[in-house]
Each structure stands twice: as structure tokens, then as C-alpha cells.
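J.: Turn these sequences into a full structure, and let the hints steer you where they fit.
2 protein chains.
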Amino acid sequence: MSDTMRTVNIGLIGLGTVGGGTARTIEHNRDEYLRAYGIDLRIAKACALDPEQAAAAGIPAEAFTTDWHDVVADPAVDIVVELIGGEHPATEIFEAAFAAGKHVVTANKALLGRNMERLCALAREHGVQLRCEASAGGGIPIVAALEYSLAGNRMLTVAGILNGTTNYILSRMASEGSDFADVLADAQRLGYAEADPSADVDGFDAASKVAILSSIAFHTRVTTDDVYMQGIRDISPVDIDEARKMGRTIKLLGIARMTEDGIDARVHPAMIPSDHMLASVNGAMNAVFAVGDSVGETMFYGAGAGSYPTASAVVGDVLELARAIARGERPEAEPEPFERRVAIRPIEELRCRYYLRLTAARADDALPAVADTLEAFKIAVAEARQVVDGGERSVIVITEEAREGDVQAACAELAKLASIERVASLIRIEDTAAWAEGAEANE
Amino acid sequence: MSDTMRTVNIGLIGLGTVGGGTARTIEHNRDEYLRAYGIDLRIAKACALDPEQAAAAGIPAEAFTTDWHDVVADPAVDIVVELIGGEHPATEIFEAAFAAGKHVVTANKALLGRNMERLCALAREHGVQLRCEASAGGGIPIVAALEYSLAGNRMLTVAGILNGTTNYILSRMASEGSDFADVLADAQRLGYAEADPSADVDGFDAASKVAILSSIAFHTRVTTDDVYMQGIRDISPVDIDEARKMGRTIKLLGIARMTEDGIDARVHPAMIPSDHMLASVNGAMNAVFAVGDSVGETMFYGAGAGSYPTASAVVGDVLELARAIARGERPEAEPEPFERRVAIRPIEELRCRYYLRLTAARADDALPAVADTLEAFKIAVAEARQVVDGGERSVIVITEEAREGDVQAACAELAKLASIERVASLIRIEDTAAWAEGAEANE
Numbered sequence: 001m002s003d004t005m006r007t008v009n010i011g012l013i014g015l016g017t018v019g020g021g022t023a024r025t026i027e028h029n030r031d032e033y034l035r036a037y038g039i040d041l042r043i044a045k046a047c048a049l050d051p052e053q054a055a056a057a058g059i060p061a062e063a064f065t066t067d068w069h070d071v072v073a074d075p076a077v078d079i080v081v082e083l084i085g086g087e088h089p090a091t092e093i094f095e096a097a098f099a100a101g102k103h104v105v106t107a108n109k110a111l112l113g114r115n116m117e118r119l120c121a122l123a124r125e126h127g128v129q130l131r132c133e134a135s136a137g138g139g140i141p142i143v144a145a146l147e148y149s150l151a152g153n154r155m156l157t158v159a160g161i162l163n164g165t166t167n168y169i170l171s172r173m174a175s176e177g178s179d180f181a182d183v184l185a186d187a188q189r190l191g192y193a194e195a196d197p198s199a200d201v202d203g204f205d206a207a208s209k210v211a212i213l214s215s216i217a218f219h220t221r222v223t224t225d226d227v228y229m230q231g232i233r234d235i236s237p238v239d240i241d242e243a244r245k246m247g248r249t250i251k252l253l254g255i256a257r258m259t260e261d262g263i264d265a266r267v268h269p270a271m272i273p274s275d276h277m278l279a280s281v282n283g284a285m286n287a288v289f290a291v292g293d294s295v296g297e298t299m300f301y302g303a304g305a306g307s308y309p310t311a312s313a314v315v316g317d318v319l320e321l322a323r324a325i326a327r328g329e330r331p332e333a334e335p336e337p338f339e340r341r342v343a344i345r346p347i348e349e350l351r352c353r354y355y356l357r358l359t360a361a362r363a364d365d366a367l368p369a370v371a372d373t374l375e376a377f378k379i380a381v382a383e384a385r386q387v388v389d390g391g392e393r394s395v396i397v398i399t400e401e402a403r404e405g406d407v408q409a410a411c412a413e414l415a416k417l418a419s420i421e422r423v424a425s426l427i428r429i430e431d432t433a434a435w436a437e438g439a440e441a442n443e
Numbered sequence: 001m002s003d004t005m006r007t008v009n010i011g012l013i014g015l016g017t018v019g020g021g022t023a024r025t026i027e028h029n030r031d032e033y034l035r036a037y038g039i040d041l042r043i044a045k046a047c048a049l050d051p052e053q054a055a056a057a058g059i060p061a062e063a064f065t066t067d068w069h070d071v072v073a074d075p076a077v078d079i080v081v082e083l084i085g086g087e088h089p090a091t092e093i094f095e096a097a098f099a100a101g102k103h104v105v106t107a108n109k110a111l112l113g114r115n116m117e118r119l120c121a122l123a124r125e126h127g128v129q130l131r132c133e134a135s136a137g138g139g140i141p142i143v144a145a146l147e148y149s150l151a152g153n154r155m156l157t158v159a160g161i162l163n164g165t166t167n168y169i170l171s172r173m174a175s176e177g178s179d180f181a182d183v184l185a186d187a188q189r190l191g192y193a194e195a196d197p198s199a200d201v202d203g204f205d206a207a208s209k210v211a212i213l214s215s216i217a218f219h220t221r222v223t224t225d226d227v228y229m230q231g232i233r234d235i236s237p238v239d240i241d242e243a244r245k246m247g248r249t250i251k252l253l254g255i256a257r258m259t260e261d262g263i264d265a266r267v268h269p270a271m272i273p274s275d276h277m278l279a280s281v282n283g284a285m286n287a288v289f290a291v292g293d294s295v296g297e298t299m300f301y302g303a304g305a306g307s308y309p310t311a312s313a314v315v316g317d318v319l320e321l322a323r324a325i326a327r328g329e330r331p332e333a334e335p336e337p338f339e340r341r342v343a344i345r346p347i348e349e350l351r352c353r354y355y356l357r358l359t360a361a362r363a364d365d366a367l368p369a370v371a372d373t374l375e376a377f378k379i380a381v382a383e384a385r386q387v388v389d390g391g392e393r394s395v396i397v398i399t400e401e402a403r404e405g406d407v408q409a410a411c412a413e414l415a416k417l418a419s420i421e422r423v424a425s426l427i428r429i430e431d432t433a434a435w436a437e438g439a440e441a442n443e
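In the order they appear, the protein sequences are chains A and B. Under this note's numbering, the first residue of the first sequence carries the number 1, and numbering increases by one thereafter. Under this note's numbering, the first residue of the second sequence carries the number 1, and numbering increases by one thereafter.
Treat the hints loosely; a few may be bogus.
[Stated by the list, open to error] Here are the simulated distance ranges between beta carbons:
hint, chain 1, residue 1, chain 2, residue 2, range
1, B, D431, A, R42, 34 to 44 Å
2, B, A343, A, R233, 51 to 61 Å
3, B, G127, A, E348, 54 to 64 Å
4, B, R189, A, R422, 49 to 59 Å
5, A, E87, B, K245, 54 to 64 Å
6, A, A100, B, H88, 51 to 61 Å
7, A, S198, B, G127, 50 to 60 Å
8, B, E400, A, P237, 39 to 49 Å
Simulated from the structure, these hints should not be mistaken for lab results. These numbers come from a predicted model, not from an experiment. Don't be surprised by glycine CBs; every beta carbon is placed ideally from N, CA and C.
T.: Printed below as a string of C-alpha cells:
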């Protein structure tokens, strides 16, 4: 045992999947923390609406409360751990904890995606820290990497697979050739997707994480509303098959790049080379590329969600605060993290190659009209052909590099053509090599 | 700019590949550190034997010295950055810097692989920190992940590709079907391998990193001498080809596992499933799996060497110290990091499947005698067959799970058989799934 020993008390608000995993992780490994760091980590108070959750998490009756105010007000509590998610009462918990001089550790991506700047500033005003490793990438230590280990770099890109549910669905669609709706239903049955899957499949969850990670990486404010968002509902087996023929794999990516024209921040399905490392990230796993001018490409891989992996990130944050407290320090927030205001580049200014799938009313006649329409918008076509899948006839178009605004406008016109039923898919062909443009590494 | 601004002075010893990259990284990004962290990071003093290196690194004449004592003795210097490598005078530099109350940041894996415990204890005695992110995995932030982000876990395994030179050689052998010697010569010509390649190709470099990473992960002392070591000189195109037929890829792995019988620490070529993420790590890149009981499998990927990537790790460590200094804290070493003494499990106790390639004097007769010999050691054979490669006849044996001690003893007997010339290759078939045994994650 260490020569300095200090009890650090945490107050745990929320005992669901992540909160329960956090309580159990601390219980399992308490002796290890004592031995390795001289810290006796205790859950002094824990709050949930359902007392049965407390029992399942091993919280003794005397430490349990159904009122979060009891946790924040407890003078023994050094660190408040908020694991209920959502904007309210999480916001009020943060405010009350800061006002009481307590540090906050959270996994709340929805809240931080919208209000990170204000809450970090508030923590700083009160001389305490707000730590959020678990809010992006689950157990993957990407937040700490961007805040500390890679701090010597000018960051160029943070991009990757940030949502496990959609990666699980796309992985199964690719391996089984199944439809989105069928795999989603099965994923819901197996607990990989929520009853209301919108936050995952429409990209909101990943967009929150893009907002958090790009705020940290680029030292500026990016909110969820700044992030362009397109989900995976329109991805069909035909698209996955066509991608495969091109040597590509479809993944839902969250991408944040620092460009000369501002921050390019977006979530959408993208075709990436099948030999790219992200292409082999399957199932519910997450992986994030972080590219800096000195370090070049790095990648961080692990479970992006789940009880114990997310608990790992929460307890890592808790222990870092606890170790500072045990050394007799008062861990303070860093100065003005989001002072810079970098413009967000509108999605219309994105330039890449595009894959379009148009369902054709009379397929035989569609190609010339499609070509004419694209030409009118000065979009060069690399390849255009018809495919028949079951009864459905489609036109597949691969463009040369084009401007998103032009492609969007062209799609609106394509949808009006008599020979075209609708624009069924628009998938960006991501230039992953561009993520490392400007890196001095690997010379 | 931030409301608190503080100049932090570093003393840089060594201006070679990594030292030069460190100086240039700081020069490129100084404004960013000032803006983001309120830190004016300056190289107050820099030391090299060759003044031309100083000029190339942009060090002004008045800050340059050829005597490292000048750096350590400079009262302006807050942090000493040691980037000369080797045991001496690096050891003396550490001792002098600690005695002068200065923190040390280093990339010196050879020194730390042998003396980490003593040097960390010495830093602690003097109330300063020794930081070594760059000593394992180059730019990959694996040290910080183990020290901080994953601290809530009981770590089970740290394993991966820890040497870029050997991975470059094996990757080219696999893609080109070339011999080890030819690729090594070409790698030396291209600067991927040293004139004396022994530290890389014989596994010493990777073993140092295994010692450092397992010491941190398992909170105990592991030194380079504790790590079993086998290099890649014996790997032939036949082995790579046979592995491919088994759906496997040969990589030089560094592996540290906490087992019930002690720490299993080893560096050797291993056959891993070709769809394992480490199998797609090619060229000079590194990747490390870190498996914890809560987080499950995580992987960290990036450039394991090179001027700028290694500088990224060095500057990350420097900035973390600098940020604490700027907050008015005195960053202290953690208490007693290596107090626990966990036994090292002897390599003889390893149990896995083995691939053996025996060059046969008279191949037609060799199989029965080989089978008899293995049976005498109670080693079950899954597959045994003859292959002819050019003029060379070999016997390939794949065993069922066996004890290393028995396999080593059997190989000594096999070499004595009249029908066998020599045991040309012994390659372990790594059970990568076992790395996550005991994890509660991903339930």
C-alpha cells in the first residue's frame, strides 16, 4: 500500500446501464486503486429513480437517494458523476455541482454537443473541472488523447465510426445482404438498437460526438447544430453491392476537418476503400482517426458504448481527478478552451466524388436525360449505368469530384425528370487520403 | 490569448532525428500553445555534439551548447528533454536533472527498459516527474492511456506491433515473396533499418517497449531482461506462404499478459488470423492492443517511430508538465509505481499451438521419425506434411496446444534426427482471443 492514502468520495447520479457498470467497476477494482494510487475510491451517495437499480449496482441503502439534490449537497462528495443523459435535469445538476465546488464527470453527449462551451466556462468560473471522456467513443480514450497526448500537434482531422448501432446494422447488411429495415428490427430485438432508433440511425448521436471532439481538437466551439447530418435509412443492399464492386465499403462516418475555409463537420454514410482500417471495424465497435501535423495518422479503436466500456472511461476521469485531489491539488479547468471562433464551412462547399442511385421509371430512357441534367450543373460523370435488382430498375452514377451544392441542386432537377422516380441514394466517396493533408509526419 | 500566460523553458539534449523534430514542432506550433494553453514554450538551451544539427533545428547560437551539463544547470530550464538515447550519459543526465529539481521527458526505451523502476523512484524522491510517452509506440499515446485513461481497469493484456523496422520487413516479405536478407538490405538502403539492425530484427527494441508498457499496465517491475525474445531472421517466404494457407499472417509481436502464474512477457514472430486488426497494420506503422477488464479490447495505431511522430509524443509530455507549471502546480511523481513484485512466468510455461519447419535431409523418410519424436514429448500433431521450395525440402508441422518447454525439448531431439537437417522455424500460433479472457466488457 502507498505511503499516502486518501479517501475520495464520489456521488453517482444515474444507475442505469452506464451508472450500474460504473458502480460495479469501482467495486471490483477498489483494492487495485488503493494499492496503485493510494486512493480509497468510495461511492458516498448514489441516486436513481428505482431502488432496485441501486440494489443491482451494490449500493447500500444508506447511500441511496431518489433525489439528485441529496448527492450534490452531500459535503462528503468530491466528484459528481452524472450518468442520466439528456438535457434536463442534467444541466441543473452540473450547475448545482459547480456552485457547490464539485467536479463533474459525465457521459452526456447530447448535453455537451449543444452546451459544452457554456458548461466548461461555468466549471472554470467555479474553479472545478468538467471531464467527459465517456461522452465520445465510449471506452476509447480519444478525448484525453486530443486534450493531452496530441496537444503538441495542430490537429488536421478527427474522423471515424462514432456510433455502434449504425455500424452494427451496416456490418450485418454487408455480410448478409439484408435490408436496412430487417436488420434494424433484429438489432432492436437483440438490444443493439433502441425502440426509437432515430438518434442513432439518423446521425444525431454521431453528430454530438463530432461536435465534442472537434471542439476539443480545434480549440473552438462546434455544436451539434453545426454538424451536417445524414443517416443510414436510405442505404440499400444494392448500394453496398455497388460499393463492393468499386473496392469500397459503406460506413457511417463522423468527420471534422480543419480547412482553409473553416471547419468541415459532417455525419453521413461514406464509401471508403475496403483496405482502409476503418473498413474492417465491424459490429458495434467504434474507431476514430486523429490526424495531427506532427504525429500524422493515429487511430483509436474499441467499444463505443456498453455498460463496462463506458464505465472504464468514467472511472478513468474520476481517478484522474482523485489522484490530483490525493496529491493535495485542486484540479482546475484549463483557461478559456473555446475562445477561438472558427467558421463552419457549409456542406454546400464540400468537394468530393459522389455515388447516386436513381430509381428509374422507364430505365431504358433514363441515362441520356440524367447525363444532360448533370452536365447542365457542370458535374463530370465518371460512370453511369443501369442495374436491375428484383423488379427495381436503377441508374447508378459515379461523378468526378464535384461541389456538394451543385450536386444537391442537380439532384433536385433529376427528381423532376419523367424517366426518374426519385433519388434513392446519395453517398459521398470519401477521400480518406485527404485527412492527412498538411501532416509533416512520416517524412 | 489566455488570461494567464506563462513562459515555460525546456532544455533539449540531443538534436538528431527526434530532437530536431521536437525543436521544429515547437517552432511551428508555438503560437497555438500560447493561444490554447496560455503557455509560451521556449527552448532555453539545446545541446548536441554537432553545431550543424543546431542550425538545422533552428536553435540560435546563444542557446546552443555541446555540454549537457550546461542544459541541466541552466536555472531557467523547467523541463529537461533527453533525446540522445542509450544508457550513458543519459543516466547521468536524469540523475543531474532530478537533483536540480527539474522534470525529465524522454524517448529512451533502452534505458527505461532496464532501469525504469530506479529512475522513477529517483524522480519521486526529488519531487519531480519522469515522463516517457515517446519511449513506447512513438507517436501513439499508449503510455498515457495506460497511466490515466484506462486506470479504472485491471489490465489483462498489452500486445501488438511495437517495432516499425521489422513490420516493414515482414510486410514487404509478405507482399513481394522476398527473402529476409534481401528486404533487410533494401530497408537499410532506404533508411528503414539501421546499419547494425540487431536491436530491431532480434527483438531487443520491442522487448524494451514490452518492459515499459507492462510495468505501467500491471503496476509492477518488468525489465527488458525479463522479456523472452526471438527475432525475425529465421522467417522465410515459405513460412509466410504456409501461414497464408492457414488464413494467418506473421507479425513480430510484443506481448504482455497477466496470468494466474505471473506475467507472460515475450517478443517473437507470431501467426495471427489474417482478419485480425493487427494483420492489416503494414509498413513501418505500429499498433497496440490494450485489454482491460472493463473496457475490453482497445487498439491504438500510428507511427511508432520517425522524427515528427516521436516529437508529437515528446511535446505532449512537455505540454502536460507545462500546463501544470502554468497553473502554479508542482507536478509530482505518483506514489511508488512499481511496488508490487509480480512473478514473470517462464517462457517454458507458455501453452499455444506451434508451427515448425524442419529442413529435411531425406524428406521422404522424415515424417515418421518426426511424428515419433513429438509423440515421445506428448505433443499432439494437428498436421504434418512435406513441402518443396526450390531445391529445399521441408517438413511442416502444426501442433495442437502444447507446452513451450516440451516443444523446445522436442526440437532439440528433432535436430538430432538423421532425416532432419535443422529446425529452421519455430513460430507460435497466437491465440489472440485469449487476450480478452477475463474481460467483462461487451456483455
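J.: Now look at each hint and say whether the structure bears it out.
T.: Against the structure, the hints:
no.	hint	verdict
1	B/D431 - A/R42: 34 to 44 Å	holds, 38 Å
2	B/A343 - A/R233: 51 to 61 Å	holds, 55 Å
3	B/G127 - A/E348: 54 to 64 Å	holds, 56 Å
4	B/R189 - A/R422: 49 to 59 Å	holds, 58 Å
5	A/E87 - B/K245: 54 to 64 Å	holds, 56 Å
6	A/A100 - B/H88: 51 to 61 Å	holds, 53 Å
7	A/S198 - B/G127: 50 to 60 Å	holds, 54 Å
8	B/E400 - A/P237: 39 to 49 Å	holds, 41 Å
Of the numbered hints given earlier, the model fails none.
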